[in-house]
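Protein chains: 2
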Amino acid sequence: MTRFNSHMDAAFVQAQAAAALGEVPVGAVITLNGQVIAAAGNRTRTLNDPTAHAEILAIRAACDVLGQERLTGADLHVTLEPCPMCAGAIAAARIARLYYGASDPKSGGVEQGARIFAHPQCHHVPEIYPGIREAQATELLRGFFATRR
Amino acid sequence: MTRFNSHMDAAFVQAQAAAALGEVPVGAVITLNGQVIAAAGNRTRTLNDPTAHAEILAIRAACDVLGQERLTGADLHVTLEPCPMCAGAIAAARIARLYYGASDPKSGGVEQGARIFAHPQCHHVPEIYPGIREAQATELLRGFFATRR
Chain A
1 MTRFNSHMDA AFVQAQAAAA LGEVPVGAVI TLNGQVIAAA GNRTRTLNDP
51 TAHAEILAIR AACDVLGQER LTGADLHVTL EPCPMCAGAI AAARIARLYY
101 GASDPKSGGV EQGARIFAHP QCHHVPEIYP GIREAQATEL LRGFFATRR
Chain B
1 MTRFNSHMDA AFVQAQAAAA LGEVPVGAVI TLNGQVIAAA GNRTRTLNDP
51 TAHAEILAIR AACDVLGQER LTGADLHVTL EPCPMCAGAI AAARIARLYY
101 GASDPKSGGV EQGARIFAHP QCHHVPEIYP GIREAQATEL LRGFFATRR
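For the protein sequence lines, the chains are A and B, in the order given. With the UniProt record's numbering, you'll find the first sequence wraps up at 149, consecutive numbering, no jumps. With the UniProt record's numbering, you'll find the second sequence wraps up at 149, consecutive numbering, no jumps.
No lab work stands behind these hints, which were simulated from the structure alone. Each residue gets a CB set at the ideal place from its N, CA and C atoms; glycine is no exception. Hints may contain errors.
Within a straight-line C-alpha distance of at most 20 Å, the following computed SDA-like cross-link-like pairs (lysine to any residue) qualify [said to hold, decoys possible]: (1) A:Lys106 x B:His124; (2) B:Lys106 x B:Leu141; (3) B:Lys106 x A:Val125; (4) B:Lys106 x B:Pro130; (5) B:Lys106 x A:Arg115; (6) B:Lys106 x A:Gln121; (7) A:Lys106 x B:Val125; (8) B:Lys106 x A:Val36; (9) B:Lys106 x A:Pro126; (10) B:Lys106 x A:Ala118; (11) A:Lys106 x B:Arg94; (12) B:Lys106 x A:Lys106; (13) A:Lys106 x B:Pro130; (14) A:Lys106 x B:Pro120; (15) B:Lys106 x A:His123.
Among chain B residues calculated to face chain A with C-beta under 10 Å, some are [stated by the list, open to error]: (16) Leu47; (17) His53; (18) Ala87; (19) Ala89; (20) Gly109; (21) Gly113; (22) His123; (23) Pro130; (24) Arg142; (25) Phe145; (26) Arg148.
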């Protein structure tokens, strides 16, 4: 299924830039009132930081731009289903809407496994729109891992 | 129940320093082969960063010290049960042993709610030692929130 989401283009650019650095190709963009306020790609290897997933870096950058610790009303667009760590950060940041590409049966934490947003210990649940450019997102990851085998 | 854990002393010092800044009092210390390599307290407000929990900051600092993105063999000592975000980061960092103080029924992600380490999407499970100085940890949090009501 393909749904229109122009900000996902920018997330894919971030994912491709990550791949060029040998990082797992995941990209994220945060928008507020339709304007991009932060964009980031995965940098765990480059930064020697296991928390440096695209979503975490984008959230930290967006908070820095706004000078606040919550992103109330903001949208996050990411090429892959967030892992539990990132889903937890999305809740903590009070992201309003989460758009993502491919599901991640291996490591995802939204629609499988920990299902971060499905527990009372989660204090904020965004609107969730999965499957945005799913085929493109899946192909990007498959291509990356194929070249590394 | 009180168990001996000298590194938890340092985690409490970090928690108290966080409280002095108006932050929720949580502190974390990471050790490798018995030596402290990083210590941090919660700084979400000070840094305008919803990901700046004590555990995340300590993990990032420890990785920076070691120049690597995994903390294989390291121990993390934290005054409160980690939230889902932090538990995910602990798994990503390959922390060997997790020692924590108070359980957190409201926001915890280890022994309740998302139970991060209980799913096949979690690729590393540390040894877990809960209830270290539990009464002290609970009292620290209760005292902090009592002064803010």
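These are the hints, each one checked on the structure:
For the given pair, lysine 106 of chain A sits about 13 Å from histidine 124 of chain B by alpha-carbon distance, which is consistent with the 20 Å threshold. Our distance criterion of 20 Å between C-alpha atoms is met by lysine 106 of chain B and leucine 141 of chain B, whose separation comes to about 12 Å. As the CA atoms of lysine 106 of chain B and valine 125 of chain A are separated by approximately 15 Å, the hinted pair is consistent with the 20 Å bound. For a cut-off of 20 Å, the pair hint linking lysine 106 of chain B to proline 130 of chain B stands: about 16 Å separates their Cα positions.
For the hint pairing lysine 106 of chain B with arginine 115 of chain A, the CA-to-CA distance comes to about 17 Å; that is within 20 Å, so the pair holds. Distance restraint check for lysine 106 of chain B and glutamine 121 of chain A: the Cα-Cα separation of roughly 5 Å lies within the 20 Å cut-off, and the hinted pair is therefore satisfied. Under the criterion of a C-alpha separation no larger than 20 Å, the hint pairing lysine 106 of chain A with valine 125 of chain B is consistent with the structure, at around 15 Å. Between lysine 106 of chain B and valine 36 of chain A, the direct Cα distance comes to roughly 33 Å. Violation of the 20 Å bound is thereby established for this hinted pair.
About 19 Å separates the Cα atoms of lysine 106 of chain B and proline 126 of chain A, which keeps this hinted pair within 20 Å; it holds. Under the criterion of a C-alpha separation no larger than 20 Å, the hint pairing lysine 106 of chain B with alanine 118 of chain A is consistent with the structure, at around 14 Å. At most 20 Å may separate the alpha-carbon atoms for a hinted pair to count; lysine 106 of chain A and arginine 94 of chain B meet this at roughly 17 Å. This hinted pair does not check out: lysine 106 of chain B and lysine 106 of chain A have alpha carbons roughly 28 Å apart, beyond 20 Å.
Restraint check for lysine 106 of chain A and proline 130 of chain B: the C-alpha separation of about 28 Å exceeds 20 Å, so the hint is violated. Taken as a hint, the lysine 106 of chain A and proline 120 of chain B pair is honoured in the structure, with Cα atoms around 8 Å apart against an allowance of 20 Å. Restraint check: the Cα-Cα separation between lysine 106 of chain B and histidine 123 of chain A comes to about 9 Å, which is no more than 20 Å; the hinted pair holds. Given hint, leucine 47 of chain B at the interface with chain A, holds; its Cβ is 8 Å from that chain's nearest Cβ, closer than 10 Å.
Annotation: histidine 53 of chain B was flagged as interfacial toward chain A, and the flag holds, the nearest CB pair being 8 Å apart, inside 10 Å. Satisfaction of the interface hint for alanine 87 of chain B is found here, the shortest Cβ-Cβ separation to chain A being roughly 7 Å, below the 10 Å cut-off. Using the Cβ-Cβ criterion of 10 Å, the hint placing alanine 89 of chain B at the interface with chain A is satisfied: the shortest such distance is roughly 5 Å. With 10 Å as the threshold, the beta carbon of glycine 109 of chain B comes within range of chain A, its nearest partner Cβ sitting at about 7 Å, so the hint holds.
Hint on glycine 113 of chain B holds. Least Cβ distance to chain A is approximately 3 Å, under the 10 Å limit. Contact between histidine 123 of chain B and chain A, as hinted, is supported at the beta carbon level, the nearest pair being about 7 Å apart and thus within 10 Å. Because the smallest distance between the Cβ of proline 130 of chain B and any Cβ of chain A comes to about 16 Å, over 10 Å, the interface hint for this residue is violated. Taking 10 Å as the C-beta contact cut-off toward chain A, the hint placing arginine 142 of chain B at the interface is violated, the least distance being around 19 Å.
The restraint placing phenylalanine 145 of chain B at the interface with chain A is violated, with a minimum CB-CB distance near 15 Å, outside the 10 Å limit. A cut of 10 Å between beta carbons decides the hint on arginine 148 of chain B: the least distance to chain A is about 16 Å, and the hint is violated.
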